[in-house]
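Take a look at the letters that make up each chain.
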Amino acid sequence: MFLGTEEIVYILDKAEGNAAQVDGHPAWGSAYNIAGRTAQTMEVVTNTFCASGMHLPNGSYATFGGNGAVSPGGNIGDVLAPGGYSASYDTTYHDYSGSTSIRILNPCAWSDLSNTECQWFDNATLLHMQKQRWYSAAEPLGDGSIAIIGGFVEGGYINRNYPNVDPATEGGAAEPTYEFYPSKGPAQTMQFLIQTSGLNAYAHTYMMPSGKMFVQANVSTSKPS
Amino acid sequence: MLWDPLTNEETALPPMPDNIVRVYPGSGAAAMLPLTPANNYTPTVMFCGGSDMPDYAWGNYSWPFINTFYYPASAKCHQITPEPVDGSAPQYVEVDSMPDTRTMGQFIHLPNGKMLVVNGGKNGTAGYSKMTLETPELSQMPYGESLAAGPVGKPAIFDPTAASGSHWSNDGFDTSNIARLYHSSAILLPDASVLIAGSNPNLDVNTSAFFPTQYQAEVFYPPYFSASTRPTPQNVPTTLSYGGDAFDVLVPSSSYSGDANSAAENTSVWLIRPGWTTHGMNMGQRSMQLNNTFTVNQNGSISLHVAQLPPNPNLFQPGPGLLFVTMSGIPSNGTMVLIGSGEIGTQPTAAVSTLPPSVRLNNVSGSGSGSANSTSTASGSAASESSSASHTGAIVGGIVAAVAVVGILGAAFGVYMARRRRTAAQQNPGSMYAMSSAPGAGGAMASRNLRDSDSSAFVPLQQDNKSTWDATANASNVSLSPYHDDMRSAGPSGEFDPYYQNAPRQSTSQRPRY
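Protein chains in written order, with the working numbering: chain R, 1 to 225; chain A, 226 to 739.
Hints are not guaranteed to be accurate.
[Claimed, not checked] Derived coverage of chain A by chain R (criterion: at least 3 residues anywhere in the stretch with Cβ under 8 Å from a Cβ of chain R; other residues may be distant):
1) 407-414
2) 539-545
3) 563-570
[Said to hold, decoys possible] Among the chain R residues that face chain A by a calculated CB cut under 8 Å, a handful are:
4) 1
5) 6
6) 54
7) 61
8) 74
9) 91
10) 94
11) 160
12) 161
13) 190
14) 207
15) 208
16) 217
[Stated by the list, open to error] Rough simulated footprint, nothing fancy, chain R against chain A, three-plus residues with beta-carbon under 8 Å:
17) 285-296
18) 499-508
Hints listed in this document are in silico derivations from the structure and should not be mistaken for laboratory results.
For each residue, glycine too, the CB sits at the ideal point set by N, CA and C.
So that you can see chain A by itself, here it is in the shape it has in the complex (with noise of 0.2 Å):
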């Protein structure tokens, strides 16, 4: 529905279509679209996954009344406009679905206007329990406390301005062998990577379980990560307000390869806000274009005017964010800025930014590398830790204690160091501040078909013993036993809470009995 906050109106909204429920534990995964010049900045929200599991499937505080990990989340995404520009009535149109069925799948969008999509299963929902309704023992239960089974490991990306029936890609994207159930969660990271970490459908640690206390985290590297050459803006401004003067950021003739009006028509400017990521949710996340236009420059570097947000702070609301220049669905590192007056209350806003004509000039071109393709063992300048560490190598040495949303590094690096390491093809991470810009064959960035890169790869954070923690402390003393139950007795009436919230406020309901 839409709610005003102010005097707590609702107006009523359709209903989700298919009975699919997005919200916990359902967990779908949701996001508002890109707000682009092209949309007018026209919300939409988006809608996948979920699980359309019957009501009474769903159960109660205690439990689910159905083996959820049986039962097939749901792979459909449905939009809505919750407010059309031309008045008319809002409604739930379905797009796409997405190539797995997904609970606990979450968006993260990338600096190009497209959302990957991360993490969940292909069954069941989120939460842990002790039982179902249909499988009253622990023993019995066949993925330990988890209600979702089936961890998928490969991500998707969304492509919001492709043509219907082609808005999902995959293709040669890396599958994780790591399985992010519940308690996962996924970031932005300024490099344009993709932070994963989580998992624990368990009641405490548990590193025995069908699905572990996970406290490995990973990077995820989009197709982007196999440009050798990645944009450098210069003069990007820390703070932006909402309308008021337009202002300019310098592309180097560096950044990009090929004719420079190409370039500078195929270079966008973006504002990421992360958000505040947990259980699939990545809460006040957004992405917002900034209108531009451009000055080609005679020695090739491009000034790119850029407008300020829209004067409407309710369309991404004050506080930080991450400002990134693209050049053909190539991003720069993200530049975290400011929005707004740094402070809670009415923002001050200003007339829309007017931009000047673009300016083109013919027989322009950029210095950059061309290649699509990892050619970083080719000789040339900055290499630096990126040299050594091509896109074919093994990854990120030197990592310490990996962060998991579900469990602190330090515990038991001897478990995690055993891991088998995944190979990938990409960037080693730690050369994300130095844009390397090596040199490689020539050719025009524009046309790349970024899809086929093999770069989208999965990097595991490995561990060494380098940890600033005390690398001898004990795991827990917790029994790690996923069945360890003595703590809590069944007690007469066969129930047991796993949320060990005893419900006698919920004694006026009837809960079942067996």
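Same shape as in the complex, but just chain R (with noise of 0.2 Å):
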């Protein structure tokens, strides 16, 4: 969740069987009122199970990747991406694979937020990462740009196979590289989630004054298995 307007907290949750409908499917967005003590449900087209987010210069937020689609039971949608090892839809919670997603938010007024540019701005066809990202760290540079770094192509427990035969991809289902948004160019490998293999998702970054950033994850060596 994120603190969009004094009066609004926008909250995003994953698909899965909320009682709460938007759109005649499954909610796993909403918009807190904090005075109000009430809530909105809001549509988002992607599933944000994963995801990472950031504030915008602007003060709109962004969030990037999350799960494929999910059917109900957490099982993978009905509508199979290619290759069949995830789905990019589900036809009971009505939700797209969000592994790429961008999804922009501009915080509004209550009383506005039933406007179109109030809502999730969620079209991974217009809008979307290079590469497949669950659970990557996001952290803005002094321009306000936002690295996006490394997660699980698809999700598990974690970031890799044992024996670790293949710390940089795992077969595929690691994704060792970092990308920004907007983008400055084709996503790059990044050696340290390499040597943090495993270990590496989520990593906690914090820019330095220096224009550098601090970046943890595993413990900080790497772990051979």
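From the two separate chains plus the hints, produce the assembled complex.
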């Protein structure tokens, strides 16, 4: 969740069997009116489970990545993505895959919440990351652009197989790259993510005075298994 | 390590001491300490808790190889200053441990330079699974799918400026009876309370699990909510810049009691970025004390001369924040401000603000209430909605549909209305935008020991039937049995991937077979 204005906390959940409904399916987004202690569901198109997020210089917020489409019980959705390992859509929960999503929210006054410009912009065909990211880190640079770092490709408990014979990509299940929003070019491999393989999701990131970024993951030494 | 985002160069830093994993799913609490004039705005990052279980125990994509829920989390805290101004080599330094071991704890910056740690569990890690390598059957899992146990319901406050051995305090803090384990979050609200929501260490919605899908949110009121007077600064700007001309904020005399010089000397201005919170983290959270001087005015008001942010956007990246004026540890409401140009791009910077010397006046006092105790039943003005909700009253009528990160409101009203209501001693949150100054006993505010306050309490956000949602909506027809497993068979390998991300891509590795 994040504080959008002095009156609203915006909340993102995961696509699951919540009883609250919006647009004919379980809701996984809402806006909470702090003073009124009341909430309003919001439509979110893609699955926000395990996304990352960050503010933007104008007070808007962006959220990055997420899970593939899911169906009841935590199973994958019924419209499979190419390869069949995850789903691009589910006909019960009506969630689309969020794995490459970049979603933007412009905070509004509570009275304007239902206006189109106050809703989540969540259209992966128009705006998306280069890579699928689940539990990526996000941290702004001094110019307000956001570094999006690492993550799982499609989830899991920790980001490795055991034994860890492929610490970089885990056969395609780990994403050892970073990219930016707005983009600064093709996603690049970060060596540190390979070095910290397995315990490198949701890395702790803090911009430093010099413009370099402090990044912490695993125990910051390689742990081959 | 230190990473150059533009060149991708890495500079190694020392490893985390004691093998404590701070990232997910160890999920230690992490934050940058407040940036203040006293520390010359030099960033120090602190990590608390997480898990030091050995590398093997973490297992793989599917599940941990040990019963994490029996393995105590860490209570240890370490700090590191990654770019020391004296050019010395950065190193981790152990500081006071938390009062409790905690996985999935998270820090919330409070607008008085202190940090609250909330949520989490005593044992285990984040995540959920229908099994571990040591417990191959869901029916044997002692906490359902949760890989953590022992909800830590009592928060604690870390004071970075306290002496070693005295950093942590939780005296008089209330203990929540709501588990905030995997998928919990928290965020600072403009009234300087803390919204807490979430918890769902389960595959889907499961309201009968050991640690159920939790739709009820709470608000935690830090000790300063015992104050009967909170500052009400005037002329707070809505934009701030990196360097540039200082600005004035007027604090009326009603905002404090006692000697004006003392009050002014104990006044600070805080810029808090609450951040984007999920999974026990607040991404982007920052706390910065803006430098200030003051002029005490004859009528008891205090003019604060406040500096803009230091002229380095890397310290507090452009975007939104909350600005608070805090007097003797009691914050005003936060005003939302926008820092920087409002656009992505190189930010304008200017010289550090110059501040006039402070001007004191003797024999000037504030007219606010000096009471540290809850005496809102006393007569007086303002009263309004806060007077009837005394500090000992039950909380929060008319709250609609508690929100939660893990679940959106509207689910099963009956279940949550039956929950035991907590009584707590603090102000009615409905008054948060009307800072009453109910008269009370006199006395200086400055010397109050806030830690003795009994106002450090949780306020559950209750539901009533005034939901904007369809109150007739049925709960999802997903089976809520915690052991519901018929949609995903164990398969010949006996494996179950709770993240239902099949691992054909992982076929090159050996997965545990049994």
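Checked hints:
1. Coverage of the region 407-414 of chain A by chain R holds. Counting CB-CB distances below 8 Å, 5 residues qualify, and the rule asks for three or more.
2. Counting residues of the region 539-545 of chain A whose C-beta lies closer than 8 Å to any C-beta of chain R gives 6; at least three are required, and the coverage claim holds.
3. With a cut-off of 8 Å between beta carbons, the region 563-570 of chain A has 7 residues touching chain R; three or more are needed, and the interface restraint holds.
4. Interface restraint check: residue 1 of chain R against chain A, minimum CB-CB distance 6 Å, threshold 8 Å, status holds.
5. For the restraint placing residue 6 of chain R at the interface with chain A, the shortest Cβ-Cβ distance is roughly 5 Å, inside the 8 Å limit, so the hint holds.
6. At a threshold of 8 Å, the smallest CB-CB gap from residue 54 of chain R to chain A is about 5 Å, leaving the interface hint in force.
7. A cut of 8 Å between beta carbons decides the hint on residue 61 of chain R: the least distance to chain A is about 6 Å, and the hint holds.
8. A distance limit of 8 Å between C-beta atoms decides the matter here; for residue 74 of chain R the minimum to chain A is near 3 Å, and the interface restraint holds.
9. This hint is violated: residue 91 of chain R has a C-beta 15 Å from the nearest C-beta of chain A, more than the 8 Å allowed.
10. Taken as an interface hint, residue 94 of chain R does not check out: its beta carbon lies about 13 Å from the nearest beta carbon of chain A, beyond 8 Å.
11. Residue-level restraint check for residue 160 of chain R holds (minimum Cβ-Cβ distance to chain A is 6 Å; threshold 8 Å).
12. Because the beta carbon of residue 161 of chain R sits about 3 Å from the nearest beta carbon in chain A, less than 8 Å, this interface hint is met.
13. This hint holds: residue 190 of chain R has a C-beta 7 Å from the nearest C-beta of chain A, less than the 8 Å allowed.
14. Restraint check, residue 207 of chain R versus chain A: the minimum CB separation of about 5 Å is within 8 Å; hint holds.
15. Hint status for residue 208 of chain R relative to chain A: holds, with the closest Cβ pair at about 5 Å, below 8 Å.
16. Hint status for residue 217 of chain R: holds, given a least beta-carbon distance of 5 Å to chain A, under 8 Å.
17. Closer than 8 Å: that is the beta-carbon criterion, and the region 285-296 of chain A has 6 residues meeting it against chain R, so the requirement of 3 holds.
18. Counting residues of the region 499-508 of chain A whose beta carbon lies closer than 8 Å to any beta carbon of chain R gives 8, which meets the minimum of three for the stated coverage.
In this structure, the earlier hints numbered 9 and 10 are contradicted, and the remaining ones agree with it.
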